[in-house]
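*Asks:* The lines below spell out each chain.
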Amino acid sequence: MTLDRLRHVQMMAYSCVRYWLGRRWTPAGRLVIGALAGSAVLGFDTAQSMAFQSFTFLLSLLLLAFLSNLKFRPKLAVARGLPRLATAGEPFPYSASLVNLGSEPLRGLSFIEEVEDPRPSYEQYRALKELPGDNWLERVTGYGRWLALVARKRIVAELEKSLPDLLPGQGCELSIELVPSRRGMLRLRSVSLARPDAMGLFNAISRQEAAQDVVVLPKRYPAPRLELSGNRRYQPGGVSLSSRVGDSQEFMALRDYRPGDPLRRIHWKSWAKTGKPVVKEYEDEYFVRHALVLDTFAAPGAEGVFEEAVSVAASFACSLLTQESLLDLLFVGDKAYCFTAGRGQGGPETLLEVLACAEICSDKPFSELGASVASRRESLSGCLCVLLAFDDQRRELVRRLRSLGVPVVAAVVSDPLLLSDETCAAEGLHRLEPGRIAEGLAGMARAR
Amino acid sequence: MTAPRAPQQTFLEIAKNIEKVMRGQSAAIRKLLAALAGGGHVLLEDFPGTGKTTLAKALAKSIGAKFNRVQFTPDLLPSDILGVSIFDQKAQAFRFHEGPVFTNILLADEVNRASPRTQSALLEAMGEGQVSVDGTTSRLAELFFVISTQNPVEFHGTYPLPEAQMDRFMLQFSPGYVAPEIEVDILSDQQTKHPIDGLAACVSLDDVLALRRNCREVRLSPELKRYIIDIVGATRGAKGVKLGASPRASLSLMKAAQAAALLDGRDFVAPEHVQEMAVAAVAHRLSLDPQARFSGLTGQAVVERIVKSLKSPA
Amino acid sequence: MSAPPFLLGAALLFWAQQTGLWLAAVPMAAVIEGSRLMSRRWEFSREDFNRVGDLCTVLFAALVVYLYLTREMLRALTAVLAWIPLSTFPLIAAQNLSSQGRLGLGALFWSLRRGASGLVLQSIDISYPYFTLCILSAGAANVRTPVFYAGMFVLCAWGLWRFRPVARPAWAWATLVLAAGVLGYAGQAGLMTLQVSLEKAAMNAVFGGGEVPMDPYQTRTAIGSIGAIQQSGDIALRVRAEGKPPGLLRTASYNHYANAQWFAREPGFRPAAPGTQAASWVLSASAPSRSVVVTASWPKGEGLLALPLDAARVDGLPAGALALNRLGAVKASDAPGALAYRVELSPGAVRDAPPDAFDLEVPKQEAAALRSLAAELKLDGSKTGPSVAAVERFFAENFRYTIYQREKSPEPLGDFLLKSRAGHCEYFATATVLLLRSAGIPARYAGGYSVQEYSRLEKAFVVRQRHAHAWTLAWVDGAWRDVDTTPLSWPEIEQGRASRLEPLSDMVSMLRLRVSLWRWRAAASTGRGRGPLAWLLLLALAGWFFWKASALFKASRSAPGEFAALPAPSGVDSEFYLIEERLEKSGLGRRPWEAPAAWVERIASDLGASRTEPLRLLLSLHYRYRFDPEGISGEERKALRTGSRDWLSAAGGLECRKS
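Residue numbers (the working numbering), protein chains in the order written: chain A, 1 to 448; chain B, 1 to 314; chain C, 1 to 659.
If you are wondering where the hints come from, they were derived from the structure by calculation, not from laboratory data. Treat the hints with caution; some may be incorrect.
Partial chain A-side listing against chain C, Cβ under 8 Å, derived [to be verified]:
| # | residue |
| --- | --- |
| 1 | 24 |
| 2 | 49 |
| 3 | 57 |
| 4 | 61 |
| 5 | 76 |
| 6 | 79 |
| 7 | 196 |
Partial pick of chain B residues on the chain A-facing surface, computed with a CB cut under 8 Å [claimed, not checked]:
| # | residue |
| --- | --- |
| 8 | 80 |
| 9 | 84 |
| 10 | 85 |
| 11 | 86 |
| 12 | 87 |
| 13 | 94 |
| 14 | 250 |
| 15 | 290 |
| 16 | 294 |
| 17 | 296 |
20 Å max Cα-Cα, derived EDC-like pairs, lysine to aspartate or glutamate [claimed, not checked]:
| # | chain 1 | residue 1 | chain 2 | residue 2 |
| --- | --- | --- | --- | --- |
| 18 | B | 239 | A | 177 |
| 19 | A | 273 | B | 134 |
| 20 | B | 225 | C | 628 |
Glycine residues also receive a C-beta, built at the ideal position from the N, C-alpha and C atoms.
Just need the whole structure built from these sequences, with the hints factored in.
*Replies:* This is the structure:
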């Protein structure tokens with residue numbers, strides 16, 4: 001227990017030092033610090049080497065740089081033109097406009113985008129057990145776990161850009177490009193300005209609050225067009241379900257005119273032939289509705305597999321929606337959720353935004369997912385399940401759906417060691433290996 | 001008949017007239033008139049209630065043209081737009097009942113609400129300049145100007161226009177919300193009655209047709225032609241763009257730049273005219289990579305970036 | 001971050017000036033700076049960089065081996081530090097000659113070679129680290145003049161100039177750097193004095209009890225220090241002689257006693273005269289009669305020679321310097337770590353100075369007791385010979401030897417003489433000296449070794465630490481003489497403390513000595529015989545590397561630029577461009593993508609209405625000239641020309657702002 005506490009304290013201290021060195025000292029300053037350390041080591045005995053002289057000189061340089069650059073209070077107005085959405089792994093550019101509101105010109109400054117602190121708390125650090133991929137050094141110092149937790153929380157690394165000179169009242173536009181490393185809600189917290197001292201070694205920092213958020217959508221792979229062999233099911237409400245205005249327009253039959261029918265429904269050609277007004281009748285809407293089921297019940301330590309499953313679901317959400325059908329996204333978070341998209345209910349963005357924030361469910365039983373899907377079986381033409389493993393519960397879900405007459409395509413994101421090819425062939429599954437999802441999806445397309 | 005007006009004079013009069021009704025939208029009015037003079041059609045994309053209908057009505061009233069408005073709904077049929085052959089019992093013959101498209105200025109409101117079948121009917125009429133229904137072909141008016149509007153696609157219940165069809169619109173722009181001071185003036189104007197009711201025609205249809213002819217005569221140096229081609233060509237290889245702009249885009253940009261030069265009273269095009277119209281003429285024709293679209297990239301951003309990266313002829 | 005031109009060359013020359021390695025530095029500087037002048041660059045792949053890194057490792061290892069063979073350990077370490085720029089030179093050369101201009105990180109760290117693509121920084125510019133290395137290596141050469149500080153200051157300032165933020169004034173930079181220089185100089189003096197005082201304090205804390213080893217630099221020895229040395233059985237010297245070897249080998253003598261410590265007051269070191277042959281030294285001018293070979297090892301490369309009283313000359317001692325003091329101690333410095341020196345003995349050779357006032361001093365505390373004892377023994381200052389004999393007899397009959405034990409009594413000498421009458425050699429020696437002095441006979445305290453034990457294994461007399469000894473030097477009949485009053489049984493008594501494993505450790509010691517001797521003899525006699533071998537090895541390695549790598553070197557080709565033929569634009573000689581240039585200088589320049597009309601509107605507020613209006617007119621003329629396919633009329637052309645000139649002359653008021 002206390003060993004973990006010690007490790008946590010040590011990693012926090014280490015990250016503080018690294019942050020301080022990286023933020024407060026320019027690259028030249030860090031070079032001087034490195035040279036200082038070298039001369040301290042080599043010049044330890046003042047009788048054996050003259051390196052102690054460079055030690056004192058470099059130390060004086062650093063001290064003077066520090067002391068000469070303590071006060072820095074610029075006045076700046078910052079406005080960012082952020083896009084609403086971004087994608088994990090893809091760079092998104094935006095422009096920030098800054099205006100110098102002070103009375104002093106601002107020259108030679110750097111602009112820094114600050115994100116929220118990605119360091120884990122002690123509870124989170126303790127909760128994570130050892131990772132299998134660490135070497136012994138990482139295990140002993142607890143560095144591997146620290147890195148993994150930071151990578152989970154951090155969406156984008158901080159960014160520094162140099163500003164052009166700004167005279168009082170002048171403004172400028174900075175074009176910035178950020179690359180988010182994972183999905184989620186990117187919260188930009190504040191903006192800092194760094195001014196180096198006259199020697200270019202030490203930075204004075206002035207921070208300003210400017211909070212803005214961007215939704216980072218999950219990474220998507222090219223997904224095959226699946227033909228879920230399903231019947232068109234009767235969707236009560238027809239097109240008006242999806243468009244809220246007017247009647248549907250599938251022409252089915254002709255019938256005699258009844259008083260009250262709108263004139264535009266008259267079939268003129270028939271009137272010409274028969275001499276009686278004849279009206280076109282429109283059928284109720286039948287179209288295809290699919291379900292995309294996402295398994296959120298991941299075992300502890302399988303976060304990477306879950307991320308891949310979310311990416312797979314996102315890829316399918318995009319590909320299935322380009323066809324003329326409705327898509328229901330079903331998953332269990334703190335309750336059973338269902339989000340619908342397609343045919344005017346909204347584009348893939350709605351589902352992708354939902355998937356961007358999907359989290360692992362650790363407190364509900366798996367049966368909730370099964371119940372949610374089963375309750376909708378009447379309106380479903382087909383079901384695509386993205387599963388994290390293939391144990392008994394999941395096998396039962398797939399079998400139950402198939403027995404109810406719903407065609408199911410099950411994609412399992414799993415390591416080949418845990419799910420053999422024979423099981424896949426026997427149960428009619430598709431296995432997607434984490435880290436090689438694109439190949440797996442291409443394989444799915446070929447298999448069809 | 002009065003002496004033909006100078007083209008710039010025509011422009012200024014129409015603009016002034018519209019400004020009485022639409023305050024603080026001079027850039028939008030400029031683009032609208034540029035499309036009118038260039039012989040193309042316009043797509044306005046904006047939130048509801050920003051005055052798109054008022055703009056179209058004001059334009060129609062200012063030039064004394066016939067104005068029709070069609071509200072697109074999901075159950076709208078192509079025949080509701082183009083027209084239908086009705087069987088006349090007395091004459092025992094089919095009579096073509098013209099649809100709302102037979103007009104000078106057509107406001108197609110919320111065009112992305114209709115089904116793709118209906119949308120393509122309108123777009124074909126725009127492109128061809130004539131309508132074929134039941135074997136009969138009818139030509140549309142010589143001055144046929146369509147102002148389509150659509151809500152930004154995040155609202156539910158929409159069928160976004162296919163990108164290949166977006167090519168048919170010469171310009172796309174958004175009037176946008178106005179500054180608060182101007183919005184106050186709008187409230188003052190419309191306190192008792194709507195100013196559009198009192199709007200009268202200030203130029204005639206012939207003046208507008210003359211304007212179109214003059215627009216085609218505005219001169220363009222080879223260097224600026226090259227600049228236009230460079231801008232459009234750069235969209236084809238730009239990052240995040242699946243399909244770049246076609247040569248139709250270059251033509252539209254050229255015509256729009258000519259119109260802008262004419263608006264400024266010049267008889268030749270200057271670089272700022274090309275830059276002014278570049279986004280409106282090119283951005284909506286780009287087909288973006290879905291990945292890039294979800295990263296927040298817009299056609300407008302792509303074109304702006306391209307213009308900033310090319311050296312302007314000086 | 002690449003270094004400014006000639007900085008690395010200057011640093012290398014500074015390094016050469018401090019270490020004296022001009023032969024290496026000049027070509028290295030030439031290669032590094034010369035690569036700037038030539039445009040040819042080679043394509044270095046990741047494997048090539050890794051190979052260069054390996055070469056540097058090999059060079060470093062070869063350097064260590066070479067220096068270890070030709071110098072003793074501590075000197076070798078400092079020499080390695082001084083030579084580091086040479087061993088890391090391939091890295092900087094590869095970087096400068098490569099087309100990338102940066103070094104792949106795999107060259108520096110083996111762990112990063114296994115395709116770590118996750119690393120953000122794949123390559124690094126090592127110019128500045130190499131620069132730092134040169135300066136620190138120059139410091140390792142330990143040339144203790146202010147030249148180092150001055151050179152380092154100038155080079156560092158030069159190197160730092162590149163990082164100066166252009167927004168800040170240069171005088172601020174200069175002030176800060178100069179202030180740092182002054183502060184640093186004060187600091188380094190302070191640091192030196194701090195270290196000296198810390199060392200003194202540490203020495204006092206550790207050795208305050210008085211166990212300072214026999215050391216003429218400190219010029220004192222405490223009662224008990226020899227006793228401490230005697231606790232070890234390690235072999236200190238080996239003596240070979242024809243016949244009987246000299247019984248006592250002295251390392252140092254002392255003349256002043258106070259507080260249970262002997263001091264060498266006013267030793268007066270002077271350099272010994274070198275002899276006719278190399279590595280030969282003359283201690284006193286007397287004809288040698290016989291010689292003795294002493295084998296000693298000095299880990300620090302300096303030490304005291306253990307010599308008999310009548311040593312006249314020393315041969316086979318390739319030391320940097322030999323210093324001799326009045327009290328007969330001979331200090332060698334800059335000597336090999338292990339050597340066998342030959343001592344030529346000559347009876348009557350005198351290297352010690354004649355007695356002076358110090359040699360008759362008796363401390364007040366013991367004076368009374370000693371005087372009474374002297375009177376009791378009937379010691380007579382005039383009859384030195386019989387007096388000495390009397391003293392010897394006195395001690396031999398009444399005293400016995402005990403192994404050294406730490407005494408806690410306040411008056412150890414008094415106890416020894418009157419009460420216990422038992423002690424070890426230091427007490428006997430001290431008592432003898434003081435007794436003789438109180439009788440008016442000059443005497444000194446001598447410390448060294450006693451030659452006792454013959455080793456059949458080594459076929460020489462081995463002198464162990466146990467055989468460390470203290471005795472008296474008495475001035476008898478006008479000459480100094482060894483007087484040893486310690487009971488003769490003392491070696492056996494000390495032998496009793498020998499450990500059982502002694503024969504084994506003797507064997508080990510002999511082997512180590514043989515290795516050391518071989519190493520140093522080779523270095524001394526053949527003049528760095530191992531050196532050329534190491535150099536050959538180095539050259540062979542370098543040759544193999546270059547032969548292997550030359551197959552992979554290819555000159556990089558620059559991609560030809562593709563420029564489509566543009567129609568020649570018209571109106572490029574418009575005078576409006578001059579106006580553009582003028583405004584560019586004032587910081588109001590047109591951005592490349594900005595159309596001229598938009599630019600004029602943007603700078604209108606800065607220019608003021610009076611200048612903007614004519615500018616707009618000129619712009620429309622310029623536009624017609626450039627963009628109207630029908631061209632510009634003659635008057636308009638003239639108007640453009642004259643108007644531009646007028647505008648330019650009127651625009652003299654615009655200040656030239658540096659943007």
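*Asks:* Look at each hint and say if it fits the structure.
*Replies:* Structure-based check of each hint:
A hinted interface residue such as residue 24 of chain A counts as satisfied when its beta carbon comes closer than 8 Å to some beta carbon of chain C; here the least separation is about 15 Å, so the hint is violated. For residue 49 of chain A, the interface hint holds, the least distance from its beta-carbon to any beta-carbon of chain C being 5 Å, beneath 8 Å. Here the hint on residue 57 of chain A is kept, as its CB sits about 3 Å from the closest CB of chain C, short of 8 Å. Against a cut-off of 8 Å between C-beta atoms, the interface hint on residue 61 of chain A holds, since the closest Cβ of chain C lies about 4 Å away.
Given hint, residue 76 of chain A at the interface with chain C, is violated; its Cβ is 15 Å from that chain's nearest Cβ, farther than 8 Å. Nearest Cβ of chain C to the Cβ of residue 79 of chain A: about 20 Å, over the 8 Å cut. The hint is violated. Here the hint on residue 196 of chain A is kept, as its CB sits about 5 Å from the closest CB of chain C, short of 8 Å. With a cut of 8 Å, the hint placing residue 80 of chain B at the interface with chain A holds, because the nearest CB-to-CB distance is about 7 Å.
Taking 8 Å as the C-beta contact cut-off toward chain A, the hint placing residue 84 of chain B at the interface holds, the least distance being around 7 Å. Below 8 Å, beta-carbon pairs count as interface contacts, and residue 85 of chain B has one with chain A at about 6 Å; its hint therefore holds. Hint status for residue 86 of chain B: holds, given a least beta-carbon distance of 6 Å to chain A, under 8 Å. The beta carbon of residue 87 of chain B is positioned within 8 Å of a beta carbon in chain A (closest approach about 4 Å), and the interface hint is therefore held.
Given the 8 Å rule on beta carbons, the hint for residue 94 of chain B holds: about 7 Å separates it from the nearest Cβ of chain A. About 26 Å separates the beta-carbon of residue 250 of chain B from the nearest beta-carbon of chain A, more than 8 Å, and the hint is not met. Because the smallest distance between the Cβ of residue 290 of chain B and any Cβ of chain A comes to about 6 Å, under 8 Å, the interface hint for this residue holds. A least Cβ separation of about 5 Å between residue 294 of chain B and chain A falls short of the 8 Å threshold, and the interface hint therefore holds.
The criterion of a C-beta within 8 Å of any C-beta in chain A is met by residue 296 of chain B, whose closest approach is roughly 2 Å, and the hint holds. As the CA atoms of residue 239 of chain B and residue 177 of chain A are separated by approximately 13 Å, the hinted pair is consistent with the 20 Å bound. Straight-line distance between C-alpha atoms of residue 273 of chain A and residue 134 of chain B comes to about 16 Å, which keeps the hinted pair within the 20 Å bound. In summary, the hint linking residue 225 of chain B to residue 628 of chain C is supported, as the alpha carbons are separated by about 12 Å, within the 20 Å threshold.
Comparing the model with each earlier hint shows violations of hints 1, 5, 6, 14; every other hint is respected.
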